[in-house]
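Undergrad: Okay, here's what each chain looks like letter by letter:
Protein chains: 2
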Amino acid sequence: MEEKTNKNKVSTEPYRGVRDFYPEDMAIQNYIFSVMRKTAESFGYSEYSASVLEYADLYKAKSGDEIVNSQTYTFKDRGDREVSLRPEITPTVARMVAAKLKEFSFPLRWYSIPNLFRYENPQKGRTREHWQLNVDIFGVKNINADVEVISMASSIMRNFGLKDSDFEIKINSRKILNYVLNDLFFLSKEDAYKVSKIIDKKSKINSNDFRSMIQEIIPERSTEFVELLNSRNFQEFISKFPKDAQLNEEVTEVKEVLEKLEKLGITNAIFAQDIIRGFDYYTGIVFEVFDKSRDNTRSVFGGGRYDELLAIFDKEKVPAVGFGMGDVVIKDILETYNLLPKINSISQLHICVMNEESIGYAQDLAQKLRENKINTTVDYSGKKVGDQIKYADKNKIPYVIVIGEEEVKTGKLKIKELSSGTETEVTEDKISSFINKK
Amino acid sequence: MEEKTNKNKVSTEPYRGVRDFYPEDMAIQNYIFSVMRKTAESFGYSEYSASVLEYADLYKAKSGDEIVNSQTYTFKDRGDREVSLRPEITPTVARMVAAKLKEFSFPLRWYSIPNLFRYENPQKGRTREHWQLNVDIFGVKNINADVEVISMASSIMRNFGLKDSDFEIKINSRKILNYVLNDLFFLSKEDAYKVSKIIDKKSKINSNDFRSMIQEIIPERSTEFVELLNSRNFQEFISKFPKDAQLNEEVTEVKEVLEKLEKLGITNAIFAQDIIRGFDYYTGIVFEVFDKSRDNTRSVFGGGRYDELLAIFDKEKVPAVGFGMGDVVIKDILETYNLLPKINSISQLHICVMNEESIGYAQDLAQKLRENKINTTVDYSGKKVGDQIKYADKNKIPYVIVIGEEEVKTGKLKIKELSSGTETEVTEDKISSFINKK
Numbered sequence: 028m029e030e031k032t033n034k035n036k037v038s039t040e041p042y043r044g045v046r047d048f049y050p051e052d053m054a055i056q057n058y059i060f061s062v063m064r065k066t067a068e069s070f071g072y073s074e075y076s077a078s079v080l081e082y083a084d085l086y087k088a089k090s091g092d093e094i095v096n097s098q099t100y101t102f103k104d105r106g107d108r109e110v111s112l113r114p115e116i117t118p119t120v121a122r123m124v125a126a127k128l129k130e131f132s133f134p135l136r137w138y139s140i141p142n143l144f145r146y147e148n149p150q151k152g153r154t155r156e157h158w159q160l161n162v163d164i165f166g167v168k169n170i171n172a173d174v175e176v177i178s179m180a181s182s183i184m185r186n187f188g189l190k191d192s193d194f195e196i197k198i199n200s201r202k203i204l205n206y207v208l209n210d211l212f213f214l215s216k217e218d219a220y221k222v223s224k225i226i227d228k229k230s231k232i233n234s235n236d237f238r239s240m241i242q243e244i245i246p247e248r249s250t251e252f253v254e255l256l257n258s259r260n261f262q263e264f265i266s267k268f269p270k271d272a273q274l275n276e277e278v279t280e281v282k283e284v285l286e287k288l289e290k291l292g293i294t295n296a297i298f299a300q301d302i303i304r305g306f307d308y309y310t311g312i313v314f315e316v317f318d319k320s321r322d323n324t325r326s327v328f329g330g331g332r333y334d335e336l337l338a339i340f341d342k343e344k345v346p347a348v349g350f351g352m353g354d355v356v357i358k359d360i361l362e363t364y365n366l367l368p369k370i371n372s373i374s375q376l377h378i379c380v381m382n383e384e385s386i387g388y389a390q391d392l393a394q395k396l397r398e399n400k401i402n403t404t405v406d407y408s409g410k411k412v413g414d415q416i417k418y419a420d421k422n423k424i425p426y427v428i429v430i431g432e433e434e435v436k437t438g439k440l441k442i443k444e445l446s447s448g449t450e451t452e453v454t455e456d457k458i459s460s461f462i463n464k465k
Numbered sequence: 028m029e030e031k032t033n034k035n036k037v038s039t040e041p042y043r044g045v046r047d048f049y050p051e052d053m054a055i056q057n058y059i060f061s062v063m064r065k066t067a068e069s070f071g072y073s074e075y076s077a078s079v080l081e082y083a084d085l086y087k088a089k090s091g092d093e094i095v096n097s098q099t100y101t102f103k104d105r106g107d108r109e110v111s112l113r114p115e116i117t118p119t120v121a122r123m124v125a126a127k128l129k130e131f132s133f134p135l136r137w138y139s140i141p142n143l144f145r146y147e148n149p150q151k152g153r154t155r156e157h158w159q160l161n162v163d164i165f166g167v168k169n170i171n172a173d174v175e176v177i178s179m180a181s182s183i184m185r186n187f188g189l190k191d192s193d194f195e196i197k198i199n200s201r202k203i204l205n206y207v208l209n210d211l212f213f214l215s216k217e218d219a220y221k222v223s224k225i226i227d228k229k230s231k232i233n234s235n236d237f238r239s240m241i242q243e244i245i246p247e248r249s250t251e252f253v254e255l256l257n258s259r260n261f262q263e264f265i266s267k268f269p270k271d272a273q274l275n276e277e278v279t280e281v282k283e284v285l286e287k288l289e290k291l292g293i294t295n296a297i298f299a300q301d302i303i304r305g306f307d308y309y310t311g312i313v314f315e316v317f318d319k320s321r322d323n324t325r326s327v328f329g330g331g332r333y334d335e336l337l338a339i340f341d342k343e344k345v346p347a348v349g350f351g352m353g354d355v356v357i358k359d360i361l362e363t364y365n366l367l368p369k370i371n372s373i374s375q376l377h378i379c380v381m382n383e384e385s386i387g388y389a390q391d392l393a394q395k396l397r398e399n400k401i402n403t404t405v406d407y408s409g410k411k412v413g414d415q416i417k418y419a420d421k422n423k424i425p426y427v428i429v430i431g432e433e434e435v436k437t438g439k440l441k442i443k444e445l446s447s448g449t450e451t452e453v454t455e456d457k458i459s460s461f462i463n464k465k
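Residue numbers (this note's numbering), protein chains in the order written: chain A, 28 to 465; chain B, 28 to 465.
Here chain A stands alone, though its shape is the one from the complex:
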């Protein structure tokens, strides 16, 4: 049935799968971003940014196929250029670094909190647009960069109020994984790619499904493969390799990362041979953070080393390590652990007026208080004073002052704290120190 009201009525719904941020949602978002920012900056990382619009070519070179082909928003602009809404920011930051390679003094420590778009079916924790902290260090070959980035991931979780026992940092080596796929199981490039996509899904599917998916690709040695992937720890995992496996360096690397993290007091980092990360550009250590509460069993975020990505711009390679951490997932976790802050009103003081004539005085007083860093609103509603105070209360504004003839004449004001009902006499010049003291 057609709607009968207004044929031209425009919908008040946001586009499917994206979010409106009303002030209370935005306050939460700003809190999450501020913890991310402060932590990244405490490690000396500088913020960068770029447009959400990029040439589509940027994503065709080295992302995971699934993402480019079926999940990206791609369209032609009016000049027939093929453009995409960025599905991730790593290609962008690699592009920016490649463009000014000669001007920089490496290493670069950079972060950003971009919005990213994926054409997915919206569901809990999966939106078509999300924001993601992205942290990258460019120009360090040795594993100290990996350790730094993983320890920043740990610091962010701690700075949100999470305990080390609430989450786990799982670490793996793409190099060892490549050895397994290429040298131990002799998989073709295509089969290796398919198997790596199955490993990436391992934590989300049940073990029988995993087994049968592997069986399809490696029919003869699937048991051996599944057992290897189910190793209980690093020792057991590497003990299954043949004696002549040339893996000394790679094994040492994993051991050193784990040892260094432990020395920094990070007690919840473990090896996990089934961590692979979706993107194809990783080349070394990869890691993923898992929430251990019952409500959120899935991976929270992760990252790794990608030393080859700048090659797509035909420039010299720059070693790089980074991670991304999405806003939707972290908000879910903070809700689970009851770690979201209480939201206060932006206005600290609401000035109510007895009559039209008092408004000028109120506006003038508000102007002075704003200059003294007190966020101040004036009531122009023309309603009764009682209703003006109710408005302040409903909007959680902590203080009110009522201005009438008497106040305009004498400059003697009463400030009322709404939570307690206490009234205190103040002069204009004492208001800001009174509120700041509280």
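Please note that the accuracy of each hint is not assured.
For chains that are exact copies, the list does not tell them apart, and a pair is met inside one copy or across any two.
[To be verified] Pairs of lysine-lysine, DSS-like flavour, derived with a Cα cap of 30 Å:
| id | residue 1 | residue 2 |
| --- | --- | --- |
| 1 | 344 | 410 |
| 2 | 65 | 423 |
| 3 | 439 | 395 |
| 4 | 224 | 129 |
| 5 | 319 | 395 |
| 6 | 319 | 290 |
| 7 | 369 | 395 |
| 8 | 87 | 36 |
| 9 | 400 | 369 |
| 10 | 65 | 369 |
No lab work stands behind these hints: they were computed from the structure.
Dock chain B against the given chain A, drawing on the hints supplied.
TA: Structure of chain B alone, referenced to chain A:
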């Protein structure tokens, strides 16, 4: 000629007409946003946000035609929904208010700093993507809301360090303008629309072009019209109206706005009959801020009252006043007046290491300092200490500490201020207070 190097080489250029924000650009952007944020919040305004993707229908209802038809990025998503990258945020905020009309206690004071897209030919000051502070107050019919919003515009300019003599706030009334077009010159709806678009361009074109453009639409009375539009002040302008013009309320409104602004100490607000603003949804007072320096003669930003916009959602009308202020224009002006701040390094302290064995100690020290709110970086380059210090200097990091065998053993450290070359002996626990004191 085809490029010879790498056929698959991906461009390092951003998409045409948008900007990359390298850390030094981002620091400027963050400074500009922080002044906007602090000022808006001092007036008790709360931040909101929404996705840059909206259903295209939202813009078909009430924007200026030019914007919707020729300048919007519009495409179909994979589900055949027509979507746009928002060219402005007013329709979005109106949508959000309309969606929760019954839940709010009015007035609402809201702000946002969204990115906006327009398909324009890129040139100085005109990019395809820009950011814009948007401020709106919903639910106040009387002109105190107009006064508040205009005085916030003034406060932002002042908080950027601009003097009242550097800029001018021009104020007009759409109601009076409508009277001129409809009742004084009897223009048809189409002609009135065309004339208003010409008036909007008046400050950007020369007076002869303006005259001939008007002549084309109002051939018989063009001289009269142009003279009216060239009035030197409000008195002269309204003196040209017939005696029976029913404009008392509208004239009083303009006078009151100017008087109230003057009482608040805003000395640079004047009436200007040729201010109209591009968007069609304005219904009352409109205003525009002009930079008075020679380098930037054009309008900086503006806004006005739009009491009818929520009608497009088939909801009751909510009176609204707001303005938008773009990042590109304000950055130009701050450059002109030399008001952009000096950018400091994010890292405050760079820890250099004499050898591989000192890195563990350095990482541990860095971790402690970060917890004490000192932004700290550690050097993993393996280069000579002299080169590590040069890196800090080049990246404007103010302090360095060098860690070697001796320091690891004794815990006695020397902190060096790079600008002066002064070295001071400190123990670990004194570093943060030493840096904070400086």
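Undergrad: Indicate, hint by hint, whether the structure satisfies it.
TA: Outcome of the hint check:
{"no.": "1", "hint": "344 with 410", "verdict": "between (67 Å within a copy, 19 Å between copies)"}
{"no.": "2", "hint": "65 with 423", "verdict": "both (27 Å within a copy, 19 Å between copies)"}
{"no.": "3", "hint": "439 with 395", "verdict": "within (16 Å within a copy, 50 Å between copies)"}
{"no.": "4", "hint": "224 with 129", "verdict": "neither (36 Å within a copy, 48 Å between copies)"}
{"no.": "5", "hint": "319 with 395", "verdict": "between (51 Å within a copy, 27 Å between copies)"}
{"no.": "6", "hint": "319 with 290", "verdict": "within (23 Å within a copy, 61 Å between copies)"}
{"no.": "7", "hint": "369 with 395", "verdict": "both (29 Å within a copy, 28 Å between copies)"}
{"no.": "8", "hint": "87 with 36", "verdict": "between (40 Å within a copy, 11 Å between copies)"}
{"no.": "9", "hint": "400 with 369", "verdict": "both (22 Å within a copy, 23 Å between copies)"}
{"no.": "10", "hint": "65 with 369", "verdict": "both (19 Å within a copy, 20 Å between copies)"}
Of the numbered hints listed earlier, the single one contradicted by the structure is hint 4.
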